[in-house]
Amino acid sequence: MENLVYAIVLLPLAGFLINGLFGKNLPKAFVGGLATLVVFASFVITTSIFLGFKSDSAPVVVKAFEWFRVNGIQVNFGFQIDQLSLMMVMIITGIGSLIHLYSIGYMSHDKGFYKFFTYLNLFIFSMLLLVLGSNYLILFIGWEGVGLCSYLLIGFWYTNEDYGKAARKAFIMNRIGDLGLLIGIFAIAAQVNAIDYLSVAENSSKFALDSSAIIFITVSLFIGAVGKSAQIPLFTWLPDAMAGPTPVSALIHAATMVTAGVYLVVRSNFLFSLAPSTLNLILFIGIATSLVAAFIGLRQNDIKKVLAYSTVSQLGFMFIALGAGAYTTGMFHVMTHAFFKALLFLGAGSVIHAMSGEQDMRFMGGLRKKIPVTYWTFLIGTLAITGIPPLSGMVSKDEILTHIYAKSPLLWGLTLFSAALTAIYMFRLLFLTFFGEFRGTEEQKHHLHESPAVMTIPLIVLAILSVVGGFINLPHFIGHGHFQKLAHWLEPIYVYDIETPEILFATEMILLAVTVIMVLVIFFAVKAIYVTKKKNALPEESYTGWEKLSARKLFIDEIYNAMIVRPFEEAGKAAAMFDKAVLDPIVNFIGLGAQDSGRAAKRLQNGNVENYVLIMSLAIGIVLIVNFLLK
Amino acid sequence: MGDVNTFIQQVPLEYFIILSTVLFCLGVLGVLLRKNAIVILGCVELMLNSVNLLLAAFSAYKGDGNGQLLVFFIMVVAAAEVAVGLAIIAMMYRNTRSVDVSIFNKLRG
Numbered sequence: 001m002e003n004l005v006y007a008i009v010l011l012p013l014a015g016f017l018i019n020g021l022f023g024k025n026l027p028k029a030f031v032g033g034l035a036t037l038v039v040f041a042s043f044v045i046t047t048s049i050f051l052g053f054k055s056d057s058a059p060v061v062v063k064a065f066e067w068f069r070v071n072g073i074q075v076n077f078g079f080q081i082d083q084l085s086l087m088m089v090m091i092i093t094g095i096g097s098l099i100h101l102y103s104i105g106y107m108s109h110d111k112g113f114y115k116f117f118t119y120l121n122l123f124i125f126s127m128l129l130l131v132l133g134s135n136y137l138i139l140f141i142g143w144e145g146v147g148l149c150s151y152l153l154i155g156f157w158y159t160n161e162d163y164g165k166a167a168r169k170a171f172i173m174n175r176i177g178d179l180g181l182l183i184g185i186f187a188i189a190a191q192v193n194a195i196d197y198l199s200v201a202e203n204s205s206k207f208a209l210d211s212s213a214i215i216f217i218t219v220s221l222f223i224g225a226v227g228k229s230a231q232i233p234l235f236t237w238l239p240d241a242m243a244g245p246t247p248v249s250a251l252i253h254a255a256t257m258v259t260a261g262v263y264l265v266v267r268s269n270f271l272f273s274l275a276p277s278t279l280n281l282i283l284f285i286g287i288a289t290s291l292v293a294a295f296i297g298l299r300q301n302d303i304k305k306v307l308a309y310s311t312v313s314q315l316g317f318m319f320i321a322l323g324a325g326a327y328t329t330g331m332f333h334v335m336t337h338a339f340f341k342a343l344l345f346l347g348a349g350s351v352i353h354a355m356s357g358e359q360d361m362r363f364m365g366g367l368r369k370k371i372p373v374t375y376w377t378f379l380i381g382t383l384a385i386t387g388i389p390p391l392s393g394m395v396s397k398d399e400i401l402t403h404i405y406a407k408s409p410l411l412w413g414l415t416l417f418s419a420a421l422t423a424i425y426m427f428r429l430l431f432l433t434f435f436g437e438f439r440g441t442e443e444q445k446h447h448l449h450e451s452p453a454v455m456t457i458p459l460i461v462l463a464i465l466s467v468v469g470g471f472i473n474l475p476h477f478i479g480h481g482h483f484q485k486l487a488h489w490l491e492p493i494y495v496y497d498i499e500t501p502e503i504l505f506a507t508e509m510i511l512l513a514v515t516v517i518m519v520l521v522i523f524f525a526v527k528a529i530y531v532t533k534k535k536n537a538l539p540e541e542s543y544t545g546w547e548k549l550s551a552r553k554l555f556i557d558e559i560y561n562a563m564i565v566r567p568f569e570e571a572g573k574a575a576a577m578f579d580k581a582v583l584d585p586i587v588n589f590i591g592l593g594a595q596d597s598g599r600a601a602k603r604l605q606n607g608n609v610e611n612y613v614l615i616m617s618l619a620i621g622i623v624l625i626v627n628f629l630l631k
Numbered sequence: 001m002g003d004v005n006t007f008i009q010q011v012p013l014e015y016f017i018i019l020s021t022v023l024f025c026l027g028v029l030g031v032l033l034r035k036n037a038i039v040i041l042g043c044v045e046l047m048l049n050s051v052n053l054l055l056a057a058f059s060a061y062k063g064d065g066n067g068q069l070l071v072f073f074i075m076v077v078a079a080a081e082v083a084v085g086l087a088i089i090a091m092m093y094r095n096t097r098s099v100d101v102s103i104f105n106k107l108r109g
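Quick mapping for you: the protein sequence lines, in order, are chains A and B. The first sequence begins at 1 in this note's numbering and counts up one residue at a time. The second sequence begins at 1 in this note's numbering and counts up one residue at a time.
So here's chain A without its partners, still in its complex pose:
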């Protein structure tokens, strides 16, 4: 098993090295094929380990070597295989290989083809380090690695200045979170003298419930999660990250990297369970994020921007689940979201491909007949995310709603409202894109075509997963918990007891019915507005009131600019002035002084030997005289 674990991690690294070093001179088919195959091989290996792993198996730690030992803290470079990391690796390599396959078609005309696959492989490698590492430091290496790949891939088309700016924005905002994570890791090391998960879990009982130390640690870790998983207040980088190629949005900014924050919290459940206050903070941030992002999603016209805000909103849902203490539900939503959001992004990529690069939904419409495979798979994705039973999104979202209802009916109402907003913007997206009349140019209409098989096969696979993905954790009332496979599977990773909400069967049925009826009503209402009444191509200038707020993203970017970016720029200018006015003259004075004294001393060395002797004799004479006088 040890060698297999190494193989999982090293295969993508090998793909990265081969493609990175020699890819320029290799044929495209080989580059794309190799990159896809190494990830798929990792997936196959993971599956084989998964099949041999039982839900009650103890975690296996594979130690590669001792990395360093400082102040009694031993840090190994090792990997930990347990139920949680296996689940994450399955998602990463499974969806990763589908998206690699898709990219072969999507990027086929790009001259940076080999570079793209190099970065993708590096990303998979970093992500695997992140989830497989046996201690927080390896997690941090992976954490930084995926951040780097995210930066590289957002700015993949770097000749466009805006894309470069988006990449920098993502990187810098992530740094803020990374600092939190780093401080959290240091705090853990200082408190328990270890940073590997098993030791920290073992020693976590020394913390009193809600003690200041545990709150400091968990909040620091959560700040890391906020940055990586795009929660308020650090979420604005994710929508801008859509500058990258669409497969990147699907893989990094929907399915895997952005869920690293959720993984971090679930992985650290032994810490978070001891800090109910932090969990409450997570809950509120999750709700606020899901509401704000869903609201902004209502009036975005770029198809990828809608999906980006949807991702932020869905990540908010995951944090709601975590905040309610339902780690399994959070992970469950990570998984189903990975399926349907990857599907939606790849579908959107297929639409953009068909539309010759057009991303504005107001110029789409009626694509249903032209690109049927994309349409049907996209429809499944939409139904899954909005919560039509029995698709995967509905199952996981219903679980979140049930947990939150048990905590507080008011918060349930807010979460439900957020789910309603989700349904509104997703159906708007669906109807604007695939229904009604075609609103693009004649040229675009002429070019409309279904994507090649390498792109549609991943769509179909993901669509199937989006349908059946929910079945691994059906609600308790079906078969008395017999079908809660995921909950059972993940049980061993929780160190402290997880409370399951006690809800009457009737209440649960009513909640479910409310959700489903709400989504159906929204479906028909949105259809009436965008298909029957054709309110579909309004220019953004015509938006007023809340529509303008939504379209302009609540002016959050402007507020951040005014509150943080501008003051920093001003401070920078002031510092530059100080440098020029005060520091420069001081430094120049010293430099010029040395230069001048050197120039003066130069005259002494005139090449005339007698002079040297004269000076020497005089000096000796002076020394003698002084010596004589001092006696």
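Heads up, a few of these hints could be off.
The calculated DSBU-like cross-link candidates involving lysine-lysine, where the alpha carbons are at most 30 Å apart (straight line), are [unchecked claim]:
#1 Lys-602/A - Lys-106/B
#2 Lys-370/A - Lys-533/A
#3 Lys-305/A - Lys-445/A
#4 Lys-602/A - Lys-35/B
#5 Lys-111/A - Lys-28/A
#6 Lys-62/B - Lys-631/A
Derived contacts from chain B toward chain A, CB cut-off under 8 Å, selection only [to be verified]:
#7 Val-31
#8 Val-101
#9 Lys-106
Because the hints were derived from the structure by calculation, they are not lab data. Beta carbons are placed, not taken as given, at the ideal position from N, Cα and C, and that holds for glycine.
Dock chain B against chain A, hints included.
Only chain B this time, still in chain A's reference frame:
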């Protein structure tokens, strides 16, 4: 001959010191003022020998032979130095048809 030391000690030590100081200063002045390389070399020899004289005198006064030993060392080194110095001066003359040191000021800062 028996007692050279007694004989020398009849001359006051200050005389030796004053004589060698005068010789040494003459040597220094010669080095400083003259331009002829051969004369400069001679002046250097003068300085060395004034020191030799002083050493020999001290040696005689203290009745310690070590000072005279050092004198012989200095003589040998001076001979070697003169050999090298004269060789340099000979090369100088061949190249420039002159033994004037003031034209050798190439090592200027």
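Evaluation of the provided hints:
1. Lys-602/A - Lys-106/B: Since the Cα atoms of Lys-602/A and Lys-106/B sit roughly 14 Å apart, the hinted pair holds (cutoff 30 Å).
2. Lys-370/A - Lys-533/A: This hinted pair holds, its Cα atoms lying about 23 Å apart.
3. Lys-305/A - Lys-445/A: This hinted pair holds, its Cα atoms lying about 23 Å apart.
4. Lys-602/A - Lys-35/B: Cα-Cα ~23 Å, so holds.
5. Lys-111/A - Lys-28/A: holds, 10 Å
6. Lys-62/B - Lys-631/A: holds, 25 Å
7. Val-31: With a closest approach of 5 Å, the Val-31/B hint holds.
8. Val-101: Given a least distance of 6 Å, the restraint on Val-101/B holds.
9. Lys-106: Where the cut-off is 8 Å and the nearest Cβ of chain A is about 6 Å from Lys-106/B, the hint holds.
Checked against the numbered hints listed earlier, the structure breaks none of them; every hint is satisfied.
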